[in-house]
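As they're listed, the protein sequences go chains A and B. As numbered in this note's numbering, residues 1426 to 1626 make up the first sequence, in order. As numbered in this note's numbering, residues 4 to 90 make up the second sequence, in order.
No wet-lab data here; the hints were simulated from the structure. Source: prediction; values computed, not measured. Hints are not guaranteed to be accurate.
Unchecked claim - Cross-link-like lysine-lysine pairs, in silico, DSBU-like; alpha carbons within 35 Å at most:
no.: 1; chain 1: A; residue 1: Lys-1500; chain 2: A; residue 2: Lys-1525
no.: 2; chain 1: B; residue 1: Lys-10; chain 2: A; residue 2: Lys-1567
no.: 3; chain 1: A; residue 1: Lys-1567; chain 2: A; residue 2: Lys-1527
no.: 4; chain 1: A; residue 1: Lys-1595; chain 2: A; residue 2: Lys-1526
no.: 5; chain 1: B; residue 1: Lys-10; chain 2: A; residue 2: Lys-1493
no.: 6; chain 1: A; residue 1: Lys-1595; chain 2: B; residue 2: Lys-9
no.: 7; chain 1: A; residue 1: Lys-1567; chain 2: A; residue 2: Lys-1595
no.: 8; chain 1: B; residue 1: Lys-10; chain 2: A; residue 2: Lys-1595
no.: 9; chain 1: A; residue 1: Lys-1525; chain 2: B; residue 2: Lys-9
no.: 10; chain 1: A; residue 1: Lys-1484; chain 2: B; residue 2: Lys-10
no.: 11; chain 1: B; residue 1: Lys-10; chain 2: A; residue 2: Lys-1500
no.: 12; chain 1: A; residue 1: Lys-1528; chain 2: B; residue 2: Lys-9
no.: 13; chain 1: A; residue 1: Lys-1525; chain 2: A; residue 2: Lys-1484
no.: 14; chain 1: A; residue 1: Lys-1595; chain 2: A; residue 2: Lys-1525
Spelled out from the first residue to the last, the chains are:
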Amino acid sequence: MTTVATRKTSTSAALSDSQLIALYLRDQDARYFSQLYRRYAGKVFAKCISMLADHGMAKDATQDVFIKILLNLSKFTEQSSFSTWVYSITYNYCIDLIRKKKKNILIFSEDVGRISKETEVDIPDSVILEMETNRLEKVMEKLPIGDKAILNMKYIDDMSIKEIGDVLDKTESAIKMQIMRAKIKAQGIYEEMYGTEPISN
Amino acid sequence: MNNSLKKLQEEREAMLPPELEDRISQHVGTLSFFSNVVEVFVPNALQVVVQMVGGEELPCLKKASRRQARANMDWRKPPSPSLPDPA
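Let's have the full structure, built from the sequences with the hints guiding it.
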């Protein structure tokens, strides 16, 4: 019996996400879902910490996100990859959580006066990507939650502009603009906190 | 180019609390138990209600009861011949 169970677990490690989902839906065997959990739990938890900036809240959010995934697994249509689907549930869950907790909170940084200026300025990705991790963590904490989500989707999950737009229900041009605003905001926060110290080590 | 965001994500992934897996597998177990309960008892409960208001047996249960009858068949008795004996 134990041998069979061990064999099943070791085989499931080699299966693709779609195969694990199909087998879980067919057999309702928790081991297939556990395998999916092991693949994505770390990433979901890291995203929740990044978005919510609180370890306890991130833990509860990760649990809720996985229950949501479990309940909606039969609705996954493979129009996107499973990872994109999981991350979109995570980002939207965290944004909704913050929206419910703080009624008048700003989800995305909006600075209408700067739009015309922004369209002329191309902010390099190094503003975010080459920042020292401890400093980046502090800068990210001060960004609005929507900006954090957009930057994570673009620079961690390597999602396309269209995919980000689908997740957040926004147009591609709105997403491009929002990425630029988020980078400007991050640069501004860095300058407020660390003055003219260089971004990279 | 470096990617500090990815580095930060990797550091945070390592902080995943191990007890979370147990909590989630408990939920998976509970959900699968309730889905089994629904699957087994709801059709029968519906059947009772339907019969109480004077309805017929539900088609899904008709199939199940024929299957049940086959399963309870006495294997010691020879099956009745379906074709007439040529002799």
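Hint check results:
Pair hint Lys-1500/A plus Lys-1525/A holds up; C-alpha atoms about 25 Å apart against a cutoff of 35 Å. Proximity of Lys-10/B to Lys-1567/A is assessed by CA-CA distance (about 19 Å); at most 35 Å being required, the pair is judged to hold. For the given pair, Lys-1567/A sits about 15 Å from Lys-1527/A by alpha-carbon distance, which is consistent with the 35 Å threshold. In summary, the hint linking Lys-1595/A to Lys-1526/A is supported, as the alpha carbons are separated by about 23 Å, within the 35 Å threshold.
Restraint check for Lys-10/B and Lys-1493/A: satisfied, since their Cα atoms lie roughly 27 Å apart, inside the 35 Å limit. For the given pair, Lys-1595/A sits about 25 Å from Lys-9/B by alpha-carbon distance, which is consistent with the 35 Å threshold. Note on Lys-1567/A and Lys-1595/A: the hinted pairing holds, with a Cα-Cα distance of about 23 Å set against a maximum of 35 Å. For the given pair, Lys-10/B sits about 28 Å from Lys-1595/A by alpha-carbon distance, which is consistent with the 35 Å threshold.
Taken as a hint, the Lys-1525/A and Lys-9/B pair is honoured in the structure, with Cα atoms around 28 Å apart against an allowance of 35 Å. The suggested pairing of Lys-1484/A with Lys-10/B holds, with an alpha-carbon distance near 20 Å, which does not exceed 35 Å. Between the alpha carbons of Lys-10/B and Lys-1500/A the distance comes to roughly 33 Å, so the proposed pair stays at or under 35 Å and holds. With a C-alpha separation of about 31 Å, the suggested pairing of Lys-1528/A with Lys-9/B holds against the 35 Å cut-off.
Taken as a hint, the Lys-1525/A and Lys-1484/A pair is honoured in the structure, with Cα atoms around 18 Å apart against an allowance of 35 Å. A distance of roughly 20 Å separates the Cα atoms of Lys-1595/A and Lys-1525/A; the hinted pair therefore holds under the 35 Å criterion.
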